[in-house]
Structure formats: structure tokens, C-alpha cells
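J.: One line per chain: the protein sequences are G and E, in this order.
Residue numbers for the first sequence follow my numbering, beginning at 1 and rising by one.
Residue numbers for the second sequence follow my numbering, beginning at 1001 and rising by one.
Just so you know, these hints were derived from the structure itself, not from any lab.
All values derive from a computational prediction rather than experimental measurement.
Mixed in with the good hints there might be a few duds.
[Stated by the list, open to error] Derived CB-CB ranges, DEER-like:
| hint | chain 1 | residue 1 | chain 2 | residue 2 | range |
| --- | --- | --- | --- | --- | --- |
| 1 | E | 1053 | G | 80 | 48 to 58 Å |
| 2 | G | 8 | E | 1028 | 35 to 45 Å |
| 3 | E | 1079 | G | 54 | 34 to 44 Å |
| 4 | E | 1048 | G | 53 | 22 to 32 Å |
| 5 | E | 1018 | G | 18 | 49 to 59 Å |
| 6 | G | 70 | E | 1017 | 44 to 54 Å |
| 7 | G | 54 | E | 1076 | 43 to 53 Å |
| 8 | G | 14 | E | 1039 | 25 to 35 Å |
| 9 | E | 1039 | G | 84 | 18 to 28 Å |
| 10 | E | 1024 | G | 69 | 32 to 42 Å |
By construction, the Cβ of each residue, glycine as well, lies at the ideal position given by its N, Cα and C atoms.
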Amino acid sequence: DTEVTQTPKHLVMGMTNKKSLKCEQHMGHRAMYWYKQKAKKPPELMFVYSYEKLSINESVPSRFSPECPNSSLLNLHLHALQPEDSALYLCASSLRLRGEQYFGPGTRLTVT
Amino acid sequence: GIQVEQSPPDLILQEGANSTLRCNFSDSVNNLQWFHQNPWGQLINLFYIPSGTKQNGRLSATTVATERYSLLYISSSQTTDSGVYFCAVGNQAGTALIFGKGTTLSVSS
Chain G
1 DTEVTQTPKH
11 LVMGMTNKKS
21 LKCEQHMGHR
31 AMYWYKQKAK
41 KPPELMFVYS
51 YEKLSINESV
61 PSRFSPECPN
71 SSLLNLHLHA
81 LQPEDSALYL
91 CASSLRLRGE
101 QYFGPGTRLT
111 VT
Chain E
1001 GIQVEQSPPD
1011 LILQEGANST
1021 LRCNFSDSVN
1031 NLQWFHQNPW
1041 GQLINLFYIP
1051 SGTKQNGRLS
1061 ATTVATERYS
1071 LLYISSSQTT
1081 DSGVYFCAVG
1091 NQAGTALIFG
1101 KGTTLSVSS
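Work the whole structure out from these sequences, hints included.
T.: Next up, the structure:
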């Protein structure tokens, strides 16, 4: 099974709200990633976790806060977002860093 | 950093036609993947192919790592093949995928 699940599928939030995106995989992968994809653009890396430790933070604003509570779960906490943060947020996992990455279906976020 | 260029940017085909999508990259890589992004946004793994040739049904891919390019072949295209095809390569540290801008394929019946 090469499935990565993400919830919710869609999210609409105001600029003062706090919300969280959730990503889960049960493939025993030890690297997990958050990517952001704007309309008609390719995905861009936000964060990388390896063995539940934050490995890469691609200069992402602090209004995005990642969390990896265990090896199967990855969260992205959102606070005080801006309308330009509206995008498709994709989670991915791989057996290890440098391995083949598998993507979840994404959360389509709209900030009003 | 690594640059990834895909061509053509757009491709329009009749059902049953064959096509070749190209991905050029600017440095040696240890990871290269091809994805199909469907209209709902899901990135579907097509091939993990840092080198060599692979085939899966009507799709096949070849990566010539020494010449820094990869090709994706789609034969007997179907309307369900429509969508965006991305090539992505691992960065130098191997910690992230760098995506090309994609090829948008439209197959009409």
C-alpha cells in the first residue's frame, strides 16, 4: 500500500483563524514533507522531517508551524494566514531521505 | 541549485496518438521521478527512474543520467491521460524534489 492520506480535502479560513492540516502514512516511511502548490505552478518544498526531526525549513513564514508527533503523522498548523497563502498543500513521504516520494491528495486551502 | 526544464509546455493530441515528453536537468541527480497530476490535484507516481529504462503498460521512461535528460513516452493516448505531467529531481542534498514547470497534456476523443 503506497497511500498517504490528508485531511481535510478543502479548508476555508479567515485571516484570524487557527487551523491544522493533517497527513498520515502507514508505510513505515521515516521522511515526510510539506509542499505548497499555487495554481498553474509546480509544487515547492516547505518543510522536511526525517526521523521525526525537522530537517529542512525552506524559509517559510512563522504563520506556518509544522509538527511531527510520531513517525506516521505530520501536521501543519496555520495561524494568521494571508489571502496569498491560498494554495494546494501537499504532503509526501519516502522510506528515507533521497528515496522515492509518494504524495497525498492534498488540502485545498482558501484564505478569506 | 538544480534547474529542471520540461518540454513542450503544452501538448494537444487526438486519442490514439503517441507522444514524447522531455525533461532536462542541470546537474547530476540521484533521484528522478515522473508524476501525473490529475484535475483534482493528486500527484500520481509514474516512474522512479534516476537512470535506465522502465515500462508500465502504455507508458515508458528513459533517463540518460550522463547527458542529463529523461524522456516519458505515452503510446495510444486516452482522454484519461489528460492532465499535467511533472518531472522532479532530487536536490544536491537529496532532501527535496525540484519540479519542472510541467507539460499540460490534453487528449480529445
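J.: Could you run down the list of hints and mark each one as holding or not?
T.: Verification of the supplied hints:
no.: 1; hint: E:1053 x G:80: 48 to 58 Å; verdict: holds, 49 Å
no.: 2; hint: G:8 x E:1028: 35 to 45 Å; verdict: holds, 40 Å
no.: 3; hint: E:1079 x G:54: 34 to 44 Å; verdict: holds, 42 Å
no.: 4; hint: E:1048 x G:53: 22 to 32 Å; verdict: holds, 25 Å
no.: 5; hint: E:1018 x G:18: 49 to 59 Å; verdict: holds, 50 Å
no.: 6; hint: G:70 x E:1017: 44 to 54 Å; verdict: holds, 48 Å
no.: 7; hint: G:54 x E:1076: 43 to 53 Å; verdict: holds, 45 Å
no.: 8; hint: G:14 x E:1039: 25 to 35 Å; verdict: holds, 28 Å
no.: 9; hint: E:1039 x G:84: 18 to 28 Å; verdict: holds, 23 Å
no.: 10; hint: E:1024 x G:69: 32 to 42 Å; verdict: holds, 40 Å
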